[in-house]
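Participant: Listed below, chain by chain, are the residues.
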Amino acid sequence: MMEIQRTIKYDADRVKGFGREVMSVPGCEQLESCIQCGTCSGVCPLSIYMDYTPRQVMALTRGDFKNEVLKSHTIWLCASCYACSVECPREIRITDIMYELKQRAIRAGLYPKRFPIPVLAREFSEMVKKHGRITEMLLVMKLFLKTNPLAAMGNWRMGIDLMKTGRLSLATEKIKQHGDIARMLDATDAKKGA
Amino acid sequence: MKYSYFPGCSLKGLGRAYEESLLPVMKHLGVELQELEDWNCCGATAYMAVDEAKACVLAARNLALAEKSGNQQLLAPCAACYLVLNKTKHYFEDYPAMKATADRALNAIGLRYSGNTPVRHPLDVLLNDVGLEAIKQKVAQPLQGLKVAPYYGCQLVRPYSTFDDQYNPTTMDRLLETLGATVVRYPLKTKCCGGSLTGTVPEAGIRLVYILLHEAKKRGADCLATVCPLCQFNLDAYHSQVTAQYGPVLLPTVYFTQLLGLAFGLPDKELGLNRAAIPFKWRPAAAAAPRPAAAVA
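Residue numbers (the working numbering), protein chains in the order written: chain A, 1 to 194; chain B, 1001 to 1297.
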């Protein structure tokens, strides 16, 4: 069935203060001076796949449309190539704003379920906390198991290539002072009063 | 010349050919590398999406370990590690509160960081510390006739242009020319390879890989040279997915360090050249004669 949705945003959709809050985060201050020129959307290699273009995300964030940006696919499609940040005439650190929005989406639990990118971020951070290092193949396998086990089957050819070229190692990489990472990260939490 | 060497997770995993070629090449040039004792994951792009402060804390442990080791300079060959370590240094300079947070976290494990560890990329060290003249003297088998598309990817020059131009970097171009190779004009040299999107959102990631390979091939390149393990992995390991969607574009992607090794006359086996899904074979003997077109594929 065709789903009809209005395409404009009302004042009632705003979560007042959201834009201010984001712009007070270190690195995100410059968003205030966005001129909506669209350079970011033009240089972004992923904008053609996004539900909102980077320019729109800038406008929506500044305009307090919290739910729209935190639920968007855009923030997860950002591959952190920093093309927008370098080209922005107003020196807005767009990539860092995307990171800030990703963090807020994870904290608010607003990301699309089973969408592989936030799952990757979570699995990655858990592996780092536990072992201090990433074992890439284990991470990839966990990701596929938790999001799309069938897609993993589709990559059998790559698995064979990796095995043949001696790159498929599954031995867990870890640091010697294995308690260090957890102690540091806990100390970071304690400081933030989280 | 002595540096602390920060391999990062990739150079011990999928990108091990990078380490396998970097170490003998640096040794050949008289550059001493000492692996950073008990280094940890830099945090990469994934951790920045979870928690910025923690991402900086992770990077800070490595910067502190480098300081403690006495070899102040930290060599980070992976573009993602290189960016995260540099970004953390910038954050500490710009936001004292962030540095204070990291200091407290480091204190919890008995480390301290004064803020003075320079983070260097091998390209930077090769051009600015070793020098092209010294490199030229070591070239035993010039890469004459080899056409290379220099691919820098994104995070080496963006957002910080530490040692090269962020719009049109040329350090690798100059290095490859010193080795006798022909550098093809490659306007996509800093275009994104898709990062982890090749695995997470293949419909978007695979297309970016295809564009990079296709353009290099169109411009007559025999191979792409890269400075980053993720770029190499994306451009090499996803060839069957690229072929399935767009047709075959079988162009080998090698680490610039592998080309250095070949030019120095180091044996293939020591350079990790057996690690690629799309194999790269360079026969200097064939270069003397005009190259047959078939050799490109």
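In short, the hints are calculated from the structure, not lab data. Bear in mind the structure is a predicted one, so any value in this text is a computation, not a measurement. From the three backbone atoms N, C-alpha and C, an ideal C-beta is built for every residue, glycine too. Do not take every clue at face value.
[What the hints assert, rightly or not] Below, a sample of chain B positions facing chain A; criterion: calculated Cβ distance under 8 Å:
{"#": "1", "residue": "SER1010"}
{"#": "2", "residue": "PRO1024"}
{"#": "3", "residue": "LYS1027"}
{"#": "4", "residue": "ASP1051"}
{"#": "5", "residue": "LEU1132"}
{"#": "6", "residue": "THR1162"}
{"#": "7", "residue": "ARG1174"}
{"#": "8", "residue": "GLY1199"}
Participant: Identify whether the interface hint at ARG1174 (chain B) stands, where standing means a beta carbon of chain A within less than 8 Å of its own.
Facilitator: ARG1174 (chain B) check fails; min Cβ-Cβ to chain A is 22 Å, beyond 8 Å.
Participant: Holds or violated: is the Cβ of LYS1027 (chain B) closer than 8 Å to a Cβ in chain A?
Facilitator: Check failed: Cβ of LYS1027 (chain B) comes no nearer than 22 Å to chain A, outside 8 Å.
Participant: Going by Cβ atoms only, is LEU1132 (chain B) closer than 8 Å to chain A?
Facilitator: 27 Å, violated
Participant: Against chain A, run the beta carbon of THR1162 (chain B) and see if the smallest gap drops under 8 Å.
Facilitator: At 13 Å from the nearest chain A Cβ, THR1162 (chain B) fails the 8 Å test, so the hint is violated.
Participant: Against chain A, run the beta carbon of ASP1051 (chain B) and see if the smallest gap drops under 8 Å.
Facilitator: 6 Å, holds
Participant: Does the interface hint hold: is GLY1199 (chain B) within less than 8 Å of chain A, judged Cβ to Cβ?
Facilitator: At about 6 Å, which falls below the 8 Å cut-off, the nearest Cβ of chain A leaves the hint on GLY1199 (chain B) intact, so it holds.
Participant: Would the stated hint for SER1010 (chain B) survive a check requiring a Cβ distance to chain A of less than 8 Å?
Facilitator: Holds, because the Cβ-Cβ distance from SER1010 (chain B) to chain A comes to roughly 7 Å (cut-off 8 Å).
Participant: Please verify that hint: PRO1024 (chain B), Cβ, nearest Cβ of chain A, below 8 Å or not.
Facilitator: 17 Å, violated
In terms of the numbered hints stated before, the structure departs from hints 2, 3, 5, 6 and 7, listed from lowest to highest.
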